[in-house]
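Chain by chain, the residues run as shown.
2 protein chains.
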Amino acid sequence: MAKKYNICLDVGGTKVLGAIFNENDEIIYRLKKRSKSGGEGSQDVEKVIVSVVEEMIKESGIDKKELNAIASCAPGVIDQDKGIVVFTPNLPWRNYDIRASMEKKFGVPFYVGNDVNLGVLGEYKFGAAKGYKNIVGFFVGTGMGGGLILNGELFTGNQFKGAEYGHMILDPEGPLCNCGQRGCLEAFSSKQGMSAYIRQQVARGRKTMMAEHVVDGVFRSKPLKKALKEKDEVATEAVDRACHYLAVATGNMINTISPDLVIYGGGVIEAVGDVFLKKILAEVDRYCMPQIRNTVDIKIAELGDDSILYGDLALIKGL
Amino acid sequence: MAKKYNICLDVGGTKVLGAIFNENDEIIYRLKKRSKSGGEGSQDVEKVIVSVVEEMIKESGIDKKELNAIASCAPGVIDQDKGIVVFTPNLPWRNYDIRASMEKKFGVPFYVGNDVNLGVLGEYKFGAAKGYKNIVGFFVGTGMGGGLILNGELFTGNQFKGAEYGHMILDPEGPLCNCGQRGCLEAFSSKQGMSAYIRQQVARGRKTMMAEHVVDGVFRSKPLKKALKEKDEVATEAVDRACHYLAVATGNMINTISPDLVIYGGGVIEAVGDVFLKKILAEVDRYCMPQIRNTVDIKIAELGDDSILYGDLALIKGL
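If you're matching them up, the sequences are chains A and B in order.
Taking the working numbering as reference, the numbering of the first sequence is continuous, increasing by one, and the terminal residue is 319.
Taking the working numbering as reference, the numbering of the second sequence is continuous, increasing by one, and the terminal residue is 1319.
Hints listed in this document are in silico derivations from the structure and should not be mistaken for laboratory results.
A portion of the hints provided could be inaccurate.
Derived pair list, reagent style DSSO-like, types lysine-lysine, alpha-carbon separation capped at 27 Å [what the hints assert, rightly or not]:
{"#": "1", "chain 1": "B", "residue 1": "K1065", "chain 2": "B", "residue 2": "K1033"}
{"#": "2", "chain 1": "B", "residue 1": "K1082", "chain 2": "A", "residue 2": "K133"}
{"#": "3", "chain 1": "B", "residue 1": "K1133", "chain 2": "A", "residue 2": "K133"}
Throw the hints in and build the complete structure from the sequences for me.
Structure representation (structure tokens):
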């Protein structure tokens, strides 16, 4: 690699997180900006991305001529080969050629991939999943994302639409999910799923510290940590239920893939991963075959909020 | 390939099916023998296999010097690379080096793989799945087997234990499965699962043509075809329930993999595949994401009872 710096971005429904990596794959500068999701066109979200990149270059003081490439994730279906955002549920891009637009703007190669795919790739190349070959990743955030490494390569399925086992149905009569199905893993075990449970209990007149934290159907992870620590009953029940279904889904994926690693990441895990891991481990053996279970490690991610940024870097470097 | 003939075997819990393929990949001779499952040691099952091979060579009149290789499947965990049967639930082999034994006996290369893996491989190389790249196979028989082709290659997972989504849990409080879990796909949709439902209804005093056909917990597929044709109520309910859960599992696998093909094979499909396919297609859209569903074909196998034999052949030829 001739040039020193890579800029990596984590674009979510409500924020853009940016980092500059140096030639030793170390993060030397960071920036986070809020973006509004919802009604805006592709250009509006992109404006935030562009301003993050420009501001990072300016504020970090790096030489722009030493910029090697830029990479980003987006939630949804991303054609990694063509650099096109095919479909995102939470952002206004549809078949949007973000590569063409960004390469025109910055004059360096631009890469893009699915957020959780890149999070798992980041953990695989730089984090807790190094050295494994078949990896099932669950990323627990607002939604429930999946990412698969199979035979040592990121597996994206037909037309980059694979690894959506966040929408695996675990109870065909279960609660309605955002995706339109009933009883998906996401409907039980994501922040949205847990929030729905909490709101239900509040509606029944129960008290919980989490009541005030559920905004627009989702809570932030920090108050959950506090609520669990203080043994808030409703919060504990929501987490128990989330972990129960995540254990079933983990068992199903162990039986389906025979991975050598299952890894949990994302915002909820970053905050309360130890609690989740303990509860899942207490149950998961019941939901998969012992001959397969005995060759799987189960861990939490170690790069935290940076998993995706490292995945971007892996994408740039062709790792 | 210097030599003309390949012998391919399908070893199940209660039978050994054999075929000789000529240099044009055509079956020129067939033989089927019953074997008893249960108490025998590895040698006893192997005796049946050996006798099938010997009898086929003798009766077909082929020149033994023109025998290129022999291949077989077995149900269970098979180390395809080493030719070792690691574990079979229905046969008495544990870490058995069948390759060494058979190569010593016949003096030609011997290959072995998991039955449903090879069935899907057979359909992929010679049958209804030709030309697809990411394939999810469900084989409906006494149990419920899975086989995956990913990125154009047979995917076997860590230590050849993958593709056991026949034991995907669809209802954690559901009926007990042979594997020890509750509410597996197999417990609803295999012959064993359907038989359990039929026995339950008979115990409740309901009449069904299938009552007499459930022997040792399993019926044969032909009477099921007749019962469905004659609109036997209990048989129809058992099949409806089987197809409902198979539709849910199909949706889950579509979301998980984003395959370009889902294919159903095995004895039940050979007999009543048209009924199964119609019922599954009527339901499956509810259980997967429309953006993923719209790039998946759903078919039944076309090689019937020969799927596995053709998979053996693909294994021999390194296809």
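Cross-check of the supplied hints:
Proposed proximity of K1065 of chain B and K1033 of chain B is supported: the alpha carbons are some 25 Å apart, at most 27 Å. For the suggested pair K1082 of chain B and K133 of chain A, the alpha carbons sit about 19 Å apart, so the restraint of at most 27 Å is met. Restraint check for K1133 of chain B and K133 of chain A: the C-alpha separation of about 21 Å stays at or below 27 Å, so the hint holds.
The earlier numbered hints are all upheld by this structure, with none contradicted.
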